[in-house]
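Undergrad: Using the sequences and the accompanying hints, generate a full structural model.
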Amino acid sequence: MNHKPTNSTRSMSDPIGELVHSAGPRALPDAERMAQARLSVHTEWRSSLESRLRERRRWLSAAAVAAISIGVGIVVLLQPAPAVQVATTSRIVGTVTVQRPAGTDVRTASLRGEERLLVGDRLKTDAESRALIRWERGAVVRVDQHSRLKLESDRSLRLEQGALYVEVDERAGIAPDITVFTALGTVRHVGTRFEVRVTEGAMQVRVRDGTAVFKGESLAATLIGAGQQLSINGDQARLEQGPPAADSSWEWTRRIAPDFAIEGRSVFDALEWLGHESGLDIRYADDAVQAQARTAILHGSIEGLAMREALIAVLTGSGLSFELAADRVEIHRNPERT
Amino acid sequence: MAEHPQDLQLARRLVAGDEREFTRFFDEYYPRVFRFALARLRRDTDAADEMAQRTLCRAARKLHLYRGEASLFTWLCQICRHEIHDHAESLAREAARFVSVDEDPTIRAALESLPADAHSDPVGVANRADVLRLVQVVLDYLPAGYGNALEWKYVEGLEVNEIAARLQVTPLAAESMLARARRAFREGWLSVTGERLPDALAGESGS
Chain A
5 MNHKPTNSTR
15 SMSDPIGELV
25 HSAGPRALPD
35 AERMAQARLS
45 VHTEWRSSLE
55 SRLRERRRWL
65 SAAAVAAISI
75 GVGIVVLLQP
85 APAVQVATTS
95 RIVGTVTVQR
105 PAGTDVRTAS
115 LRGEERLLVG
125 DRLKTDAESR
135 ALIRWERGAV
145 VRVDQHSRLK
155 LESDRSLRLE
165 QGALYVEVDE
175 RAGIAPDITV
185 FTALGTVRHV
195 GTRFEVRVTE
205 GAMQVRVRDG
215 TAVFKGESLA
225 ATLIGAGQQL
235 SINGDQARLE
245 QGPPAADSSW
255 EWTRRIAPDF
265 AIEGRSVFDA
275 LEWLGHESGL
285 DIRYADDAVQ
295 AQARTAILHG
305 SIEGLAMREA
315 LIAVLTGSGL
325 SFELAADRVE
335 IHRNPERT
Chain B
640 MAEHPQDLQL
650 ARRLVAGDER
660 EFTRFFDEYY
670 PRVFRFALAR
680 LRRDTDAADE
690 MAQRTLCRAA
700 RKLHLYRGEA
710 SLFTWLCQIC
720 RHEIHDHAES
730 LAREAARFVS
740 VDEDPTIRAA
750 LESLPADAHS
760 DPVGVANRAD
770 VLRLVQVVLD
780 YLPAGYGNAL
790 EWKYVEGLEV
800 NEIAARLQVT
810 PLAAESMLAR
820 ARRAFREGWL
830 SVTGERLPDA
840 LAGESGS
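If you read the protein sequences in the order shown, they are chains A and B. Read left to right, the first sequence gives residues 5 to 342 (my numbering). Read left to right, the second sequence gives residues 640 to 846 (my numbering).
Keep in mind that the hints were calculated from the coordinates and are not lab data. Do not take every clue at face value.
[As the list claims (entries may be wrong)] Calculated lysine to aspartate or glutamate pairs in the DMTMM-like style (CA-CA distance at most 25 Å, straight line):
no.: 1; chain 1: B; residue 1: 701; chain 2: B; residue 2: 667
no.: 2; chain 1: A; residue 1: 219; chain 2: B; residue 2: 658
no.: 3; chain 1: B; residue 1: 701; chain 2: A; residue 2: 164
no.: 4; chain 1: B; residue 1: 701; chain 2: A; residue 2: 158
no.: 5; chain 1: B; residue 1: 701; chain 2: B; residue 2: 658
no.: 6; chain 1: A; residue 1: 219; chain 2: A; residue 2: 59
no.: 7; chain 1: A; residue 1: 219; chain 2: B; residue 2: 657
no.: 8; chain 1: A; residue 1: 219; chain 2: B; residue 2: 790
no.: 9; chain 1: A; residue 1: 219; chain 2: B; residue 2: 660
no.: 10; chain 1: A; residue 1: 219; chain 2: A; residue 2: 36
no.: 11; chain 1: B; residue 1: 701; chain 2: A; residue 2: 221
no.: 12; chain 1: B; residue 1: 701; chain 2: A; residue 2: 48
no.: 13; chain 1: A; residue 1: 219; chain 2: B; residue 2: 689
no.: 14; chain 1: A; residue 1: 219; chain 2: B; residue 2: 666
no.: 15; chain 1: A; residue 1: 219; chain 2: A; residue 2: 164
no.: 16; chain 1: A; residue 1: 219; chain 2: B; residue 2: 722
no.: 17; chain 1: B; residue 1: 701; chain 2: A; residue 2: 59
[To be verified] Residues from chain B that face chain A, not an exhaustive set, calculated with beta carbons under 7 Å:
no.: 18; residue: 674
no.: 19; residue: 677
no.: 20; residue: 695
no.: 21; residue: 699
no.: 22; residue: 774
no.: 23; residue: 775
no.: 24; residue: 789
no.: 25; residue: 793
no.: 26; residue: 824
no.: 27; residue: 836
Owing to the predicted nature of the structure, the values given are computational and were not obtained by experimental measurement. From the three backbone atoms N, C-alpha and C, an ideal C-beta is built for every residue, glycine too.
TA: If you want it as structure tokens, here you go:
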């Protein structure tokens with residue numbers, strides 16, 4: 005709430021107040037242009053950070069080679085960079101293979117459950133497999149079937165084929181930061197959930213919440229807002245309305261979603277999570293219904309259940325019922341209990 | 640040794656890739672650089688936006704070169720001057736003809752020397768042609784947050800509690816910050832005009 009200063013609050017006894025008040029508010033940039041500028045400056049900043057990182061690595065590599073050359077004379081040894089863990093798989097469905105540089109060789113192995121992922125690792129999913137990867141810096145990446153990607157650094161990965169879904173949790177306590185490189189350009193998050201899909205010569209970025217930024221070699225930085233999709237074909241880009249957050253095309257992301265342990269959690273928490281994962285809006289009939297959901301505590305598991313079954317499991321015994329619509333779930337008091 | 644250690648720390652965190660510091664950097668400096676450009680571009684807001692954006696983009700690429708010898712705002716202003724000059728020769732000619740009050744080297748030096756708790760020597764400056772503009776320039780050159788706090792109090796008329804809420808600090812801390820801001824303003828005003836503002840009868844003691 006603003007209060008206009010009165011003569012009594014800024015009398016001649018307060019010359020600074022008089023001066024500042026007389027000068028009036030300082031000019032402010034237009035909010036929309038400032039938002040665009042923020043995006044441009046942010047893109048430039050991230051790009052310069054990455055470029056300096058690459059430069060440092062090149063310099064370190066050159067220094068390492070020079071040191072080795074001096075030390076061993078005519079024998080040239082190529083030492084692998086120390087293995088740097090950048091992520092961990094937290095869920096694997098089907099067979100996901102990893103190719104890992106090991107000296108001058110590349111070892112191929114299948115990933116199972118929780119495994120460390122290192123810079124340089126290449127992951128591949130087939131027609132039956134998907135993977136859930138937790139990045140050390142806070143992002144969570146879901147990899148769809150028929151995908152190939154490489155972990156390039158603690159902040160970036162390269163998607164060569166297929167699709168992945170990036171979710172950034174701003175509440176993680178650190179500034180999550182991830183860039184997806186593709187042959188046609190790079191995608192960065194601005195606090196968001198988005199999907200990048202690469203097919204031969206084309207790619208598509210769809211944003212479910214928040215905002216993402218695409219930058220191609222010959223294309224200007226494009227801001228992709230929630231519900232929008234950007235399609236790139238060669239050097240042509242088209243930004244248009246994408247599918248709604250609850251559209252079935254997002255369904256694959258639920259199939260490789262992180263587990264949500266409901267044991268000891270409230271019905272409200274579980275519904276929030278289900279709404280987040282499905283893109284459905286959770287609506288309560290009234291405040292009392294919401295309060296009831298907050299106090300009802302759950303036991304058991306909803307792992308592997310489809311949306312309707314999960315809702316039934318969560319609400320059974322809580323005194324609440326639901327109606328499932330295309331874009332929302334309405335929560336009511338169970339008439340049988342009243 | 641860096642004369643502006645807090646600014647240097649901010650620059651280092653940005654170079655380390657800290658997203659939260661980026662938000663702080665952008666929110667704090669974009670409007671100030673915009674106003675700096677606006678004063679040199681005959682109040683052309685589109686051009687000022689363009690120049691402010693270019694300035695911060697260029698700064699983002701060069702942050703690793705910032706050494707804290709001048710304040711970060713001064714460093715950004717220097718980049719902005721180059722951007723305006725490079726923008727177009729015609730604009731540069733206009734800018735050369737239109738000398739903003741803070742382009743005066745004496746005034747600029749005085750403003751740029753303002754530390755958080757300044758005790759600068761008074762510098763006599765006779766130019767009072769644009770007093771109100773000068774007030775706004777002094778506000779922009781004050782150390783981080785002081786200009787906003789003073790504007791919130793005296794232009795928007797916010798109470799200390801409301802300023803505290805905006806700053807996400809306690810009312811006591813906000814009161815203390817306002818007192819420091821007033822002292823810094825007083826120093827700045829003295830430095831650029833040579834005119835000592837009379838002490839307030841009340842509300843000035845919060846050191």
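Undergrad: So which hints don't hold here, by number, going up?
TA: 3, 8
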